[in-house]
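Novice: Residues per chain are reported as follows:
Number of protein chains: 2
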Amino acid sequence: MNRITIQTSTNQYDVSIGKGLRHRVLDFLTKKYSQIFIITDSNVEPLYLDDVSNALKDSYSVNYSVVPAGEGSKSIQIYYDLMTEAIHAGLDRESLIIALGGGMIGDLAGFVAATFMRGIDFIQMPTTILAHDSSVGGKVAINHSEGKNLIGNFFPPVAVIYDIETLHTIPFTEVRSGYAEIVKHSLIHNPSFWNQIKQIELTESLNEAELSDVLLKGIDVKAKIVEQDERESNIRQFLNFGHTLGHALESELGYGVLTHGEAIAIGMLFALQVSEAIYQVKLPYQEIYHWFSKNDYPLQLPNLSIEKLVDRMRKDKKAKSQKVTMVLLKAIGEPTIEQLDDQKLHLWLKDFIQELNHH
Amino acid sequence: MNRITIQTSTNQYDVSIGKGLRHRVLDFLTKKYSQIFIITDSNVEPLYLDDVSNALKDSYSVNYSVVPAGEGSKSIQIYYDLMTEAIHAGLDRESLIIALGGGMIGDLAGFVAATFMRGIDFIQMPTTILAHDSSVGGKVAINHSEGKNLIGNFFPPVAVIYDIETLHTIPFTEVRSGYAEIVKHSLIHNPSFWNQIKQIELTESLNEAELSDVLLKGIDVKAKIVEQDERESNIRQFLNFGHTLGHALESELGYGVLTHGEAIAIGMLFALQVSEAIYQVKLPYQEIYHWFSKNDYPLQLPNLSIEKLVDRMRKDKKAKSQKVTMVLLKAIGEPTIEQLDDQKLHLWLKDFIQELNHH
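Those sequence lines, one after another, are chains A and B.
If you're matching positions, the first sequence starts at 4 in our numbering and goes up one per residue.
If you're matching positions, the second sequence starts at 4 in our numbering and goes up one per residue.
Worth flagging that the hints you see were computed from the coordinates, not collected in a lab.
It cannot be assumed that every hint is accurate.
Identical copies go unnamed one by one, so any copy, or any two together, can satisfy a pair.
Derived pair list, reagent style DSS-like, types lysine-lysine, alpha-carbon separation capped at 27 Å [to be verified]:
#1 K60 <-> K318
#2 K326 <-> K35
#3 K326 <-> K22
#4 K353 <-> K35
#5 K34 <-> K326
#6 K347 <-> K318
#7 K318 <-> K34
#8 K60 <-> K22
#9 K201 <-> K227
#10 K227 <-> K151
#11 K35 <-> K318
#12 K22 <-> K227
None of these values were measured; they are calculated from a predicted model.
Take these sequences, add in the hints, and give me the full structure.
Specialist: Okay, structure coming up:
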C-alpha cells in the first residue's frame, strides 16, 4: 500500500492506494464516529457496497443511499433528498459520510457532507481512474441547470481510500478517460513522468502495480500544485491544461459524445500546437499524438463551428477578461498561462481541426 | 463610528457600527469587485435598498434580489432561485454579495455566497438588533423541512457594516427580541455589563449612543468566544445560555408565538433557577426577572406538556447523549455546561412554569 499526505490550508489528510482496501476501511478511520452513511451510485452499489458495509458493520451503525449513476444525479433535488435521508438515518455532527464511487459521487456526497449541519467528516473511496484527479483539491459541488459545478464548496475529505481492485470494473472508455488526466499531470510536471507513461499500453486488463504507481505520481503532482494554491487563483490554473478547448468540445458536442478525458486529450494536443506557435519551441507533439492514437482515443471531430468553439473557450472558467485564457507549455514540465488573440486563435483552431481530421 | 476586528481560523474582518453607514458602503470595500449583488427582503427593500444601491452605483454594476420577509425564505427553492438570479446577473468569482437585512437574510445570502462557484465574498449589513448575534461566528444556513439550519456552512463575511440608523425601523417586539441576546451576552460575560443593561429602559425611540455601545459589547463577547472555538465544540456552547428551553418553547408553541428573544428570555430565567438549585448559589434572578417584566417581555406560558418540552430539550443541538445539556451559571460571568437528570429537570421545569404563571 502507498500513502501520500495532502496538506490543505486548514488540515491534512492521507490518500492511501492499495489492493483490497475496501475490506479494511475500518483501519483508516482516525476517530470514533456516531454512525456512518455511505453514498454510492447504481453502478457501484452491486459491486462494492456490501464489501464496504461489511467491513464496518461490526463496529458501526451503517446506513446508505444509492443515487442513479451519471452526472444527472448532481442535481439540487437529489442533493436535498440525500439530506433528508441523512436526517432520517439520524446523522449528527459526529457522523461520517463515505463517498463510494467516481468523481460524480465524490462531488455530490462531498457537498452533502460539507453542508450537512454546516459540515461533517467525509471519506472518499474513488472507484475510477479519473477520480484520482478530483480526490485531491477539496472541490465538491452539484450542478445548476445553467452550468456545471456552480454550487459547491472547498471541503477536503478526512481521508481518501483508493482500492486499486475496484478499477478493474470500469469500462475501457473510462480507463482512457482517466489516463488522459494522468497524461496531463505528466506533461505539466516533468519529462520523466511523461516518458514513463508513453511506454504504457492501455488494455482491458490493467497492470495494478503500474497503475498504482502512475496514480500516485498523478496525485502527487496535483497535490503539490493545490497545496501551493488552494483557491485556484494562480498556479492552480496549470491543472486546466487541455481543458479550455476540452470543455468547449464537451459542451459543443453535447455531454457524453466524448468522455471528459477524450475531450481534454484533444484539448492538450491543441494546446501543444499553440505552444509551439507562440513560443517557437519544438514539443513532442507527434509522440503524444501517437500515444493517444495507438490507445484508441478518438482524434477526429465532426464539423464544428470554430466561432462557437472560441466563444465557449472564452466563457470557460468565467474568464475575467474578454480574451481566451489557455495553459500552454514552454517545455514539458513548464506550464504557462497566456491570454490569446481571438483572430490567431481562430486560425490555429481551424488548422488544428483540419489537420486532425486529415491525419 | 466604532470598529471591532473579528479573528476567524482563516482570516479576519471588521464589524463597523455607526450612523448612516449605509450611505458610505463604498468606503468599506477592501478590494475591487467585478460587480455587486444585493440580497434583501420585502420589509427592508422599501426602506434601505436604494440608499445602499445609490452609494455603490457610480463605481459598480449593482444587481439585487428581494425575497419575502420571514423565515420561510430560508428554503431550498428560494436558495436555488437566488443562485439562478446571480448567474443571470453575470456574477463570477470576483463578485461581491451584500446581505442587507436581519438574521434571516444574513443566513440565506451568506449561504448563497458560501456556495456560489464554491464561495465568493459577502458583506453583512444587519438591520436588526438580533442580527448583531448572527453577524459574528460565520454561521450561514438554510432550513430543511425537517429542521432549522440543517443545511449550511461556516463562512465568515469579509465585513459587517452596522448602520445604527436602520434599527429605528424595526418593530418594538424585535427590539425586545434583540435585546434578549444582549442580555445573554452580558450574563455569560461579567456583572458590569449586566449592570449597564439593567439601567436601560427599552422604548420605541432608541438611544443610539447607548444601543451602539451595548451592541459593540455584545459583539465583543461573542467574538471572543467564537475566536477561541470556531467550530462550536466546547466554550462556544456558552452562547446557548437560555437556548435549550428557549428553542423547545419556540417549536412547542409553534414558531412566531414568541419571538426568538422572548423565548430565550424565559429560557434564561429557567437556567438561572436551575443554576441556583444545582450550585446552591444566589443569582440576581429577581433583578433579571424584573428587567424583563418592566420591558414587557411576555413571561406567562400557556398550558404545556412538561414531557414534550423535556423531550425537545433533549433533541436540541442534536445532543450527543440522551441527557439534556444546559448552560448554567455559577455566577454572573461564569458559565458552565451540565448534563441534567431527567427527573429533576422535570420537577424544576414544572415548578418554574407554575411560578412564572402565578407571578
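Novice: Hints broken by the structure, by number, lowest first?
Specialist: 3 and 4
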